[in-house]
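A.B. asks: Residues per chain are reported as follows:
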Amino acid sequence: VIYSLRHRTTYRYEEAVTFARCVLRLTPRGSDTQTVLKSSITVTPRPSSVKEGRGPFGETTQTVVIDKPHEVLVIEANSRIDVHAKPTGDPLDSEPWEAVRAAAYKTSLLGPDGPAPFLYPTRRTPVEPAITAYARESFPAGKPIIAAAADLMTRIRSDFSYDPEATTVSTPTLEAFEARHGVCQDFAHVMISGLRGLGLPAAYVSGYLRTIPPPGKPRLQGADATHAWVSVWCGQARSWVGFDPTNAIMAGDDHIVLAIGRDYSDVAPIDGIILAPGVQTLKVEVDVIPQNVQREPDVRRPGSVGGGVRA
Amino acid sequence: VAADTATAGRERQDLEPSAAKRLSGWLRGYRPIQGIPDELFDRMGRPRADWLSFLGDFAEYPEREFKSRFDLATRHIRDTGVTYRIYGEDGERSWPLNPLPLILNQKEWKQIAEGVEQRANLIEALLQDVYGDASLVADGSLPAAALTGSVDFIQAMRGVKPRGGRYLQLYAADLGRGPDGRWWVLDDRTQAPSGAGYALENRLVLSRAYPNLYNAMNVERLASFFDGFRKGLAAAADRADPRICLLTPGPFSETYFEQAHLARYLGFLLVEGDDLVARDGRVYVRTIAGLKRADVIYRRVDADFIDPLELNSASQLGTPSMLDAIRAGGVAMLNMPGSGLAESKALLGFMPKLCRRLLGEELKMPNVATWWCGQPVERELVERNLDVLAIAPAFNGPAQDGAASRPRLVADLSPEEQAALRARLTDRPGDFVGQEVVQLSTMPVLRAGKLEAAPFVLRVYAAWTPDGMRIMPGGFCRTSERLDVRAISMGEDACTADVWVIDDKPVERMTLLASKEDVKVRRIMGHLPSRAADNLFWLGRYSERAEATLRLARSLCTSLMDSESAIHGAGETLTGLQQLLIDWGALDEEALGGGALEAARDALHDQTAYGSVIYLVRAARRTAASMRERLSADFWSLLNQLEKELTEGAQSPLSEAEALQQVESALQILAALSGLAQENMNRVAGWRFLDMGRRIERGVNTCRLARTFAHDAATTDDLDLLLDLADSQITYRARYLVGLALTPVRDMVLLDPFNTRSLAFQVHTLRDHLAVLPSLQADGMLEEPNRVLLPLATEVETAEAGALSAARMQGFERTLLRLSGAVADRYFLQGANAVPTVKLAGLA
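Chains A and B supply the protein sequences, listed in that same order.
Okay, so the first sequence: first residue is 1 according to the numbering used here, each after it adds one.
Okay, so the second sequence: first residue is 1 according to the numbering used here, each after it adds one.
Since the hints were derived computationally from the structure, they do not count as laboratory data.
In this text, all values refer to a predicted model and were calculated from it rather than measured experimentally.
Here a beta-carbon is modelled for each residue, glycine too, at the ideal position from N, C-alpha and C.
Among the clues, some could well be false.
As the list claims (entries may be wrong) - These stretches of chain B come out as covered by chain A in the derived footprint (C-beta under 8 Å, 3 or more residues): (1) 132-143; (2) 148-161; (3) 304-310; (4) 320-329; (5) 427-439.
Unchecked claim - Keeping only pairs whose Cα atoms sit at most 25 Å apart, straight-line, the calculated BS3-like set for lysine-lysine is: (6) B:K353 <-> A:K106; (7) B:K292 <-> A:K51; (8) A:K51 <-> B:K161; (9) A:K38 <-> A:K51.
To be verified - Here are some, though not all, of the chain A residues that point toward chain B, as calculated from beta-carbon distances under 8 Å: (10) P56; (11) T63; (12) A102; (13) Y105; (14) K106; (15) T107; (16) L110; (17) P112; (18) G114; (19) Y120; (20) G197; (21) G199.
Please model the complete structure; the sequences and the hints are all you need to start from.
C.D. replies: Take a look at the structure:
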């Protein structure tokens with residue numbers, strides 16, 4: 001599927017900001033399941049310097065410096081992506097999860113393609129006995145890893161309520177877990193914490209999800225959102241497999257990968273330092289437009305609470 | 001054993017009978033632990049030669065003389081030095097020093113030095129490989145997961161060539177002596193080893209306390225090690241005469257004083273993350289003359305905190321884009337970010353194999369036997385032997401839950417903790433290592449006149465120098481208060497000891513004096529960092545305000561004791577004085593109309609009033625503390641003394657006479673401080689900022705005093721008091737024989753350019769300072785501070801005392817405050833209207 005993507009972020013400041021330095025992680029990642037056909041980023045006001053680099057997990061970054069006073073900062077990324085996800089295959093046809101754990105500790109891959117960087121707790125995905133215990137229910141001895149992780153994903157989807165008002169970008173994972181609510185970021189962090197608690201390598205994926213407008217209604221401009229899900233290393237043979245606990249679906253052709261890291265901090269689309277006295281407001285508009293495809297949505301809506309796809 | 005030790009005292013035939021008696025008393029009373037090696041006694045229970053030689057000479061100091069010498073030296077160094085201190089509400093804590101050094105002979109030392117040198121080279125090679133092509137991981141010598149658990153395994157540093165080619169500039173190993181008498185490595189320190197500054201300090205104390213003993217024993221000197229260390233850092237730069245910065249986490253770091261001391265001793269610029277700017281692949285220091293390049297950064301901040309943009313985004317200690325500059329090779333940072341990786345206990349078990357693989361040698365000094373549980377065989381071994389092993393976290397990482405933050409004996413854990421540990425070992429085996437429990441040897445410490453055996457750990461330092469790896473001949477030794485020899489029980493209650501390596505031949509004396517050909521004569525000092533300028537400026541303002549407040553308090557006191565005094569009893573003048581103290585925040589509003597003595601006491605000692613003398617002095621001291629490397633030891637100890645006197649004075653209510661005495665003494669100390677600044681401080685930019693702070697404050701205060709006591713309706717009492725407060729009585733009496741009159745008093749206090757206390761004099765001096773400071777305007781236009789000051793200077797010069805309205809005096813005052821803001825805006829890190837740096841946030 002070829003998508004046209006627009007991701008526009010607008011910061012408005014109460015008082016003029018004199019200096020800003022940001023790292024942008026807004027260029028989608030090329031891989032064997034998606035090809036980046038075109039990608040561009042525009043920043044207004046015009047930065048005094050832009051430096052492109054490569055982040056530690058393979059992401060393309062732009063480091064941008066703006067040194068003239070501004071009250072509005074607009075960052076817009078546009079790209080065309082061809083997504084050609086592999087079918088997940090039979091979940092039962094995967095290694096027992098304990099074998100995956102043993103293989104992860106033994107790996108001789110040091111880089112971000114291998115499991116080693118994703119085995120350990122981080123600030124946002126701590127190992128918490130309560131979360132580990134929750135995850136363990138999906139992992140009886142000898143269960144194939146994909147089936148077990150899918151079970152965990154489905155349980156999160158049904159046990160947690162989707163509530164964009166309940167958490168913020170900095171809500172600790174344990175807090176969201178105990179209250180059983182949050183958004184995609186919280187669900188992904190909970191799932192990762194649970195998996196890592198069991199010694200399994202899991203990564204945080206930031207990206208976009210294609211959404212389908214209600215029947216008969218046109219697509220609304222900017223109505224889409226950024227999304228986050230989990231990628232689990234399922235052993236040498238199956239390698240990385242994507243699980244979307246927000247929607248209880250496997251990541252497929254509707255999921256467009258922006259960046260992969262150990263938790264949200266590694267992949268935050270915009271990370272930066274500004275010199276500002278006042279308050280800021282933030283607006284994010286995302287459009288994910290499939291180009292050459294006329295087909296029924298692949299997105300299931302289990303339970304169909306409120307309808308629609310959640311992000 | 002007892003018989004042997006009894007004769008030991010007599011082995012020193014040369015001693016005075018009293019010294020021999022003391023020596024044998026010490027030796028007889030000394031009780032090492034059975035089966036544990038001891039530094040003083042050998043296996044046969046006989047004292048070793050070097051120790052006997054030391055203790056014998058040591059015994060010759062009469063008890064009292066020894067004590068006073070040692071206490072004096074300790075106090076002096078502690079007051080001015082680098083001691084481990086925790087800054088808190090209740091002052092600071094210092095780390096006690098054992099009067100006895102740890103004595104090591106050449107043979108012993110050679111073994112240690114060779115072992116540590118090899119280990120430093122081994123870890124350098126390990127880091128080169130891990131951050132280079134990672135062949136150790138690829139060929140299976142090292143599991144990837146044994147690296148990635150460390151917060152100091154920095155993915156972003158893979159493939160980065162360090163400027164200067166090395167990862168480690170300074171390495172330290174914590175050593176203990178095992179039951180077989182061999183030295184063992186307990187831990188590796190590769191992030192930013194601390195303690196070398198304490199070692200220097202400890203050496204200073206002991207060599208001053210008993211210089212004869214020190215000189216007689218051929219103790220190896222430390223200076224050449226530090227000289228090599230400095231040269232090693234300089235060699236990483238790409239130009240001669242590089243600017244070397246010591247990057248510190250700041251005054252709240254528990255080792256800040258050590259860092260400040262090292263910076264001063266080695267001639268490095270002490271900087272915090274805010275002082276630096278990284279741009280275009282280089283790093284610059286913010287100075288009063290603009291941005292100046294930093295060539296080499298000696299890092300004392302944990303790597304995770306050095307760049308909030310790429311690493312830990314919560315860090316307040318770093319510099320955005322620092323990693324970019326390191327990657328670009330525009331700055332050398334040592335130790336390289338990522339070096340801390342080698343502190344992981346997970347790696348200890350691999351060291352023997354890695355040494356063969358990387359250096360082609362056997363490990364010369366073993367490390368504690370350690371098994372990383374991320375490997376199935378090792379984990380099984382650990383689980384089988386859980387009762388006799390210590391369990392420790394395999395990595396220093398964030399978010400490791402409380403299961404075990406330090407090595408602990410499993411046997412010491414509660415049943416619940418043991419169950420939790422076993423569960424964690426199954427779920428996440430890679431988080432743990434099992435370690436053999438090491439027993440430490442003991443050394444003598446002197447407690448209450450007796451020799452006692454104490455377990456100790458020795459930290460030994462290796463530095464890379466242009467001549468290769470060098471080992472500091474000495475080290476940082478910590479002894480435990482408790483007689484528990486298990487290495488893991490070394491706690492917070494440790495004492496320190498100096499470490500003497502005894503040479504067979506006389507040692508060469510050496511200081512950090514450079515050789516003749518190294519030095520170019522120069523008459524400018526390096527550029528003053530903006531932060532230092534800021535601190536000096538405020539030090540000047542605080543101490544001047546303290547002085548002004550003291551003068552007010554003095555007038556209150558004398559009003560009670562001297563019937564001739566201007567404000568004897570009560571009246572308008574007294575009210576004016578109290579009102580001034582209230583306005584300055586030294587007194588509560590309610591104090592108005594209260595007794596003069598209470599007011600004086602409060603103005604001196606009320607710790608909650610932001611304008612009281614004690615508050616101001618503490619603020620001055622805190623400011624001074626954050627730039628210790630720039631102040632002389634004398635300056636620092638005077639400031640400490642001042643705070644101490646005021647703190648003690650606050651303990652009990654003072655009589656008028658006592659309060660007056662306290663004020664006088666405090667004024668004298670302040671006078672001594674400003675004398676030191678005037679006479680002993682180099683006339684470079686630093687001194688100018690200190691003086692500018694003082695001058696602006698004095699100018700503002702003088703205007704304020706003149707408005708209160710030299711308004712158009714001022715009484716003679718008012719004028720008399722004003723001359724007191726402005727310290728101008730003598731000058732006035734000498735010049736005017738007519739007695740007190742409004743216009744001449746006003747002129748003297750405000751406009752007379754020859755009176756060093758007048759407003760005019762302050763303004764002139766300020767103009768001189770600004771004229772000399774560097775300008776950033778390339779177009780030759782005036783900078784803002786001058787734009788504010790010059791009109792004021794003209795106005796003060798042309799004003800007439802008789803016609804000066806209160807409003808104009810207030811105008812002068814306001815202009816000076818505006819000048820203070822303009823100076824801050826122009827020269828300091830963050831201007832007077834500084835805005836805090838905030839993070840962009842939001843799920844975008």
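A.B. asks: Hint by hint, say whether it matches the structure.
C.D. replies: Against the structure, the hints:
1. 132-143: holds (count 6)
2. 148-161: Result for this restraint: holds, n = 6.
3. 304-310: Check passed, 3 qualifying residues.
4. 320-329: That given contact holds, which follows from 3 residues of the stretch 320-329 of chain B lying within Cβ reach (below 8 Å) of chain A.
5. 427-439: Result for this restraint: holds, n = 5.
6. B:K353 <-> A:K106: Roughly 17 Å separates the two Cα atoms, so the pair holds.
7. B:K292 <-> A:K51: Between K292 (chain B) and K51 (chain A) the Cα gap is close to 23 Å, so the pair holds against 25 Å.
8. A:K51 <-> B:K161: 19 Å, holds
9. A:K38 <-> A:K51: Roughly 18 Å separates the two Cα atoms, so the pair holds.
10. P56: Because about 3 Å separates P56 (chain A) from the closest Cβ in chain B, which is inside the 8 Å limit, the hint holds.
11. T63: 7 Å, holds
12. A102: Holds: closest Cβ of chain B sits about 7 Å from A102 (chain A), inside 8 Å.
13. Y105: 5 Å, holds
14. K106: This hint holds: K106 (chain A) lies near chain B, its Cβ roughly 6 Å from the closest one there, short of 8 Å.
15. T107: 5 Å, holds
16. L110: Holds - the Cβ of L110 (chain A) comes within 8 Å of chain B, reaching about 4 Å at its closest.
17. P112: 7 Å, holds
18. G114: 6 Å, holds
19. Y120: 5 Å, holds
20. G197: 6 Å, holds
21. G199: Result: holds, 5 Å to nearest chain B Cβ.
In summary, this structure violates none of the numbered hints.
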